[in-house]
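Colleague: Protein chains in written order, with the numbering used here: chain A, 1 to 343; chain B, 1 to 444.
Some hints could be false.
[Unchecked claim] Distance condition first, Cα-Cα at most 20 Å in a straight line; then the derived SDA-like pairs of lysine to any residue:
#, chain 1, residue 1, chain 2, residue 2
1, B, K163, A, R175
2, A, K301, B, R89
3, A, K185, A, R175
4, A, K124, B, S170
5, B, K163, A, D257
6, B, K163, B, S338
7, A, K301, B, A269
8, A, K301, B, T404
[Claimed, not checked] Computed footprint of chain B on chain A, listed as stretches where at least three residues anywhere in the stretch have a Cβ under 8 Å from a Cβ of chain B:
#, segment
9, 77–86
10, 251–257
11, 295–302
12, 314–323
[Stated by the list, open to error] Listed next, the stretches of chain A that the computed footprint assigns to chain B, with coverage defined by at least 3 CB atoms under 8 Å from CB atoms of chain B:
#, segment
13, 53–63
14, 228–235
15, 282–289
Please keep in mind that the hints were generated in silico from the structure rather than gathered at the bench.
Note that CB positions come from ideal geometry on N, CA and C, so glycine has one too.
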Amino acid sequence: MSCTKLTVSALALATVSVAATAAQSRDNVQIAGSSTVLPYAAIVAEAFGENFAFPTPVVESGGSSTGLRRFCEGVGTNTIDIANSSRAIRAAEIATCAENGVTDIIEVRFGYDGIVFASDIDGKAFGFTPSDWYLALAAELPLEGAMVANPNTRWSDVNPDLPDQKIAAYIPGTRHGTREVFEEKVILQGCEDTGAKTAMLETGMDKDTAEAACLELRADGVSVDIDGDYTETLTRISANPEGIGVFGLSFYQNNTDTLQVATMSGIEPTVDTIASGAYPVSRPLFFYIKAAHIGVIPGLKEYAAFFVSDDIAGPFGPLAAYGLVSDPELAATQAMIENEKAM
Amino acid sequence: MTDATAARPTPSLLAQDNRTRHRNRAEVRFRAFGMAAMGTGVLALAVLLASVVSNGLGAFRQTFITFPVVLSQERLDPDGHRDPAAMARVTTFGYAPLIGRAFADHVAALGIETGLGPRAMAAMLSEEAPGQLRTAVLANPQLVGETITLDVLASGRIDGYFKGRVTLESAERDRNVSPEQLRLAETLAQAGVLTTRFNQNFITAPDASGQRPEAAGLGVAILGSFYMMLVVLVLTLPIGVAASIYLEEFAPKNRFTDLIEVNISNLAAVPSIVFGILGLAIFINFAGLPQSAPIVGGLVLTLMTLPTIIIATRASLRAVPPSIRSAALGLGASRMQSVFHHVLPLAAPGILTGTIIGLAQALGETAPLLLVGMVAFVREYPAPLPAGLFDPASALPVQVYNWTQRSDPAFVERASGAIIVLLVVLIFMNALAVLLRRRFERRW
Numbered sequence: 001m002s003c004t005k006l007t008v009s010a011l012a013l014a015t016v017s018v019a020a021t022a023a024q025s026r027d028n029v030q031i032a033g034s035s036t037v038l039p040y041a042a043i044v045a046e047a048f049g050e051n052f053a054f055p056t057p058v059v060e061s062g063g064s065s066t067g068l069r070r071f072c073e074g075v076g077t078n079t080i081d082i083a084n085s086s087r088a089i090r091a092a093e094i095a096t097c098a099e100n101g102v103t104d105i106i107e108v109r110f111g112y113d114g115i116v117f118a119s120d121i122d123g124k125a126f127g128f129t130p131s132d133w134y135l136a137l138a139a140e141l142p143l144e145g146a147m148v149a150n151p152n153t154r155w156s157d158v159n160p161d162l163p164d165q166k167i168a169a170y171i172p173g174t175r176h177g178t179r180e181v182f183e184e185k186v187i188l189q190g191c192e193d194t195g196a197k198t199a200m201l202e203t204g205m206d207k208d209t210a211e212a213a214c215l216e217l218r219a220d221g222v223s224v225d226i227d228g229d230y231t232e233t234l235t236r237i238s239a240n241p242e243g244i245g246v247f248g249l250s251f252y253q254n255n256t257d258t259l260q261v262a263t264m265s266g267i268e269p270t271v272d273t274i275a276s277g278a279y280p281v282s283r284p285l286f287f288y289i290k291a292a293h294i295g296v297i298p299g300l301k302e303y304a305a306f307f308v309s310d311d312i313a314g315p316f317g318p319l320a321a322y323g324l325v326s327d328p329e330l331a332a333t334q335a336m337i338e339n340e341k342a343m
Numbered sequence: 001m002t003d004a005t006a007a008r009p010t011p012s013l014l015a016q017d018n019r020t021r022h023r024n025r026a027e028v029r030f031r032a033f034g035m036a037a038m039g040t041g042v043l044a045l046a047v048l049l050a051s052v053v054s055n056g057l058g059a060f061r062q063t064f065i066t067f068p069v070v071l072s073q074e075r076l077d078p079d080g081h082r083d084p085a086a087m088a089r090v091t092t093f094g095y096a097p098l099i100g101r102a103f104a105d106h107v108a109a110l111g112i113e114t115g116l117g118p119r120a121m122a123a124m125l126s127e128e129a130p131g132q133l134r135t136a137v138l139a140n141p142q143l144v145g146e147t148i149t150l151d152v153l154a155s156g157r158i159d160g161y162f163k164g165r166v167t168l169e170s171a172e173r174d175r176n177v178s179p180e181q182l183r184l185a186e187t188l189a190q191a192g193v194l195t196t197r198f199n200q201n202f203i204t205a206p207d208a209s210g211q212r213p214e215a216a217g218l219g220v221a222i223l224g225s226f227y228m229m230l231v232v233l234v235l236t237l238p239i240g241v242a243a244s245i246y247l248e249e250f251a252p253k254n255r256f257t258d259l260i261e262v263n264i265s266n267l268a269a270v271p272s273i274v275f276g277i278l279g280l281a282i283f284i285n286f287a288g289l290p291q292s293a294p295i296v297g298g299l300v301l302t303l304m305t306l307p308t309i310i311i312a313t314r315a316s317l318r319a320v321p322p323s324i325r326s327a328a329l330g331l332g333a334s335r336m337q338s339v340f341h342h343v344l345p346l347a348a349p350g351i352l353t354g355t356i357i358g359l360a361q362a363l364g365e366t367a368p369l370l371l372v373g374m375v376a377f378v379r380e381y382p383a384p385l386p387a388g389l390f391d392p393a394s395a396l397p398v399q400v401y402n403w404t405q406r407s408d409p410a411f412v413e414r415a416s417g418a419i420i421v422l423l424v425v426l427i428f429m430n431a432l433a434v435l436l437r438r439r440f441e442r443r444w
C-alpha cells in the first residue's frame with residue numbers, strides 16, 4: 001500500500017531530521033529582553049548585518065525581566081547570548097545565573113533613556129512635579145496620623161496650578177523595567193517631597209513598610225497599568241484625550257505630531273536636558289553579554305563592540321537620532337568590551 | 001354538546017384567525033432577528049475589511065527617488081585595488097554622506113531652490129539607501145569611479161505625504177519632517193525625480209528596524225510561515241489520519257479509547273499558548289532544538305492542529321456508510337483493504353478540508369510562537385529546505401504583531417498591509433477547502 005509506505009517514510013524522515021538537529025550549532029547572535037531597548041537593538045542588528053559578514057542577530061522582545069530570566073537559564077547554543085534590559089540586573093538574578101552556570105556576565109551600559117509624560121496634542125498643557133504624581137496615584141495618603149483612601153479625582157485637586165482635568169493615567173505595567181524607574185524617580189520621590197513618608201514613619205511604620213505604602217498605587221481605575229507597549233498607551237490616549245501616558249523619549253519623538261509632552265519640575269525632556277541630568281526621570285539602558293558564548297557564537301563580540309562604537313551609540317549616531325541619550329563614558333565601555341571584562 | 005360545536009365558527013381559509021396571525025408574526029420577528037444578527041456580522045466584517053484595506057493598501061506602493069551618484073574612488077576604495085575585502089572596511093557610514101551629497105547636487109542641478117541644509121535633504125532619503133548601495137558596490141567593485149543611477153526609497157514621512165498620512169500641518173509639529181521638505185518632495189514629484197509606484201519589496205524584503213519603516217517587508221515572515229506550514233502538513237496529515245483510522249476502524253471500544261477520545265476533544269479547546277509552553281519545555285530545553293526556528297514553530301503548531309485534524313478526519317470516516325465496509329468485507333477484502341481501498345478514498349475530501357482548515361488556523365497563530373522565540377526581529381532569510389527549517393525566521397501573524405508595536409506611525413500601514421497578505425492567503429486556503437468539498441464530496 002503506497003499510502004502507508006509514504007506515511008511511514010514521512011514519519012521516519014521527520015524523526016531523523018529532528019534527531020539530527022540536537023547537535024546543531026548556531027551562527028547568529030540571539031538576543032532577548034526589554035521592549036524599550038528593542039528598537040535600538042534592532043537598529044544596531046540591522047546595521048551590523050549590513051556592514052559585517054556575520055548574519056543579522058535575532059532580537060526578541062518580552063520585557064527586561066523575561067529577558068534576564070532566559071539569559072540566566074544556562075550556557076549553551078539553545079540559550080540566548082545577550083539580554084537587553086532597561087534596568088540593572090538584580091542580585092537575585094545574578095544568583096540564579098550563577099546557579100545555572102552563567103558566571104561571567106559583561107554588563108554594558110550604552111546610553112540613557114528619558115521617561116516622559118505626554119498627553120493628546122490638542123489637550124491642555126501640563127507641568128508636573130513628582131509630588132503631583134504621588135498625590136494623584138497613591139492608593140492611600142496619610143491624613144492626621146491615619147491612612148485614608150486617595151480622595152483626589154482631578155489634577156486641580158492635587159495641585160491648584162494644574163488644569164482642572166480628570167486624572168487618567170496610563171503607566172507601564174510591572175513587567176516593564178520602565179515601571180521601576182517610574183516608581184523610584186517619580187512616586188517615591190513624590191512621597192518624600194510631600195512629606196508623606198515622614199508622616200507615615202511618624203504613625204509608627206518601619207522604613208520598609210512606609211516605602212511599600214508609598215509605592216502602593218490606587219486600583220480604582222484612575223491609573224491603568226499598560227502591560228503592552230507604548231503603542232497601546234498611545235491608543236488609550238487617542239481614545240481618551242484626557243489621559244496622560246508614560247512614554248520613552250524616543251517614542252514621543254517619533255510621535256510629536258500627536259503627543260505633547262509635560263515638563264517635570266519645570267524641565268522639558270530633551271536629549272540635552274536628560275544628558276545633563278537636569279530632567280530628573282531618566283534611566284540607563286543596558287545589555288548583558290554571556291562571556292562564555294564569546295568565541296562560540298560568531299559575531300557576538302563584534303556585535304557588542306559595534307553597538308557601543310561612536311558611529312552607532314555616539315551623540316551623532318543613528319541611536320541618538322532615534323532618541324537615545326548618548327553615554328558620556330562610552331570610551332570606557334568600549335574598552336571594557338574589548339577586554340571582555342565581566343562584572 | 002352539538003350546540004357547542006355549532007357555535008364554533010368555521011375557520012376561513014382566506015381570513016387568518018388570531019392564533020395563525022400570532023404564529024406568523026412570531027416568524028416574521030424571528031426572521032428580522034436573524035437578519036439583524038447576520039447584518040451585525042456582515043457590518044463588523046465590512047468595517048474590519050474597510051479599515052484594514054484603507055490602512056494597508058498603501059503598503060503595496062512606495063515612493064522612490066531617482067538620481068545619479070558618482071562613486072568616488074577616494075571614498076569607497078582608498079587603496080584603489082578594487083579588492084572587495086579591503087572595500088568592505090568602508091561601512092554604510094562612509095556611503096551615507098556620498099548619497100546625501102549626490103542628492104543635493106542633483107536637486108541643485110535641476111535648478112530647484114530649497115533653502116534646506118544638506119542634513120535635512122539627506123533625511124528625505126531612506127536610511128536603507130547606504131546599505132543598498134554598499135551591497136551593490138561590493139558585489140561589483142568595478143562600479144567604483146563610475147556614475148550610476150540610484151533608485152532609493154524616500155524616507156517614511158516623505159512617503160507618508162504622498163499617501164496622505166503626513167500633511168503640511170502635521171509636519172509643522174513633527175520633529176522628523178519639515179514642511180519645506182514636503183514642498184521639495186512635491187516639486188521633485190513634478191520633475192519626475194520622485195515617483196510613487198508598486199513596491200514588490202513589501203512582499204519580498206526582510207523586516208527593517210524602527211528607523212526605516214519604508215524598507216520593511218514580509219519576505220522572511222512569508223518564508224517562515226511557509227516552512228512552518230510544511231512541517232505541520234508533513235506531520236499532522238499522516239499522524240492525524242493514522243490515529244483517526246485506527247481509532248475509528250480498528251480500535252476496540254472500551255474505557256481506554258473513550259478516555260483518548262475525550263482527551264482529543266479536550267485538547268482541541270486548549271488555549272494555544274499552552275502548546276507554546278510545552279514546545280519550549282520539550283523541543284528547546286529538552287531536545288535542544290534551536291530557538292526562533294520554523295521547525296520548532298512547526299512542531300508546536302502540529303501539536304495544536306492535530307486534535308482539529310483528528311476530529312475532522314474521524315467525522316468524515318464516520319460519514320462513510322457502513323454498507324460500503326460490509327460490501328467490501330463480504331467480497332472477501334480484509335479490514336485493512338476495506339479501509340484503504342474503499343473508506344479512505346471516500347473520506348478523502350472531508351479529510352483534506354479538515355486539514356486545510358486546520359492549517360489555516362495554524363497559519364494565523366501567534367501566541368505559541370511567542371515562547372519558542374519566533375516573535376522576533378529577523379532580517380536573514382532562512383536557507384533553502386531542509387536546512388532552512390533550523391534557521392531563525394519570523395511568521396506572518398508575528399510580523400503583524402511586531403509592526404503594531406513600533407513607534408513610527410508608518411508601521412500602522414505596514415501592519416495592515418501584512419494583514420491583507422495574510423487574509424489573501426487564508427481566503428485562498430479556505431476557498432481551496434470549499435472547492436475540494438464541492439468537487440469530490442459524495443452524498444449518500
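Colleague: Determine for every hint whether it applies to the structure shown.
Modeller: Results for each hint:
Proposed proximity of K163 of chain B and R175 of chain A is contradicted: the alpha carbons are some 37 Å apart, above 20 Å. For the proposed pair K301 of chain A and R89 of chain B, the alpha carbon gap of about 18 Å is at most 20 Å, so the pair holds. For a cut-off of 20 Å, the pair hint linking K185 of chain A to R175 of chain A stands: about 17 Å separates their Cα positions. Our distance criterion of 20 Å between C-alpha atoms is met by K124 of chain A and S170 of chain B, whose separation comes to about 18 Å.
A C-alpha spacing of about 17 Å is found between K163 of chain B and D257 of chain A, which places the hinted pair at or below 20 Å, so the restraint holds. Of the supplied pair hints, the one linking K163 of chain B and S338 of chain B is violated, its CA atoms being roughly 62 Å apart against a limit of 20 Å. Between K301 of chain A and A269 of chain B the CA atoms are separated by roughly 45 Å; this puts the pair beyond 20 Å, and the hint is violated. Of the supplied pair hints, the one linking K301 of chain A and T404 of chain B is violated, its CA atoms being roughly 31 Å apart against a limit of 20 Å.
Counting residues of the segment 77–86 of chain A whose CB falls under 8 Å from any CB of chain B gives 3; the rule of at least 3 is met. A stretch counts as covered by a chain when three or more of its residues have a beta carbon under 8 Å from one of that chain; for the segment 251–257 of chain A and chain B the count is 6, and the coverage holds. Coverage of the segment 295–302 of chain A by chain B is violated [criterion: at least 3 residues with CB-CB distance below 8 Å; count 0]. By the rule of at least three residues with a Cβ nearer than 8 Å to a Cβ of chain B, the coverage given for the segment 314–323 of chain A holds, with 3 such residues.
Check result for the segment 53–63 of chain A against chain B: holds, 8 residues qualifying (beta carbon to beta carbon below 8 Å, three or more required). A stretch counts as covered by a chain when three or more of its residues have a beta carbon under 8 Å from one of that chain; for the segment 228–235 of chain A and chain B the count is 4, and the coverage holds. Proximity of the segment 282–289 of chain A to chain B, defined as three or more residues with a beta carbon under 8 Å from a beta carbon of that chain, is not established by the 0 residues found.
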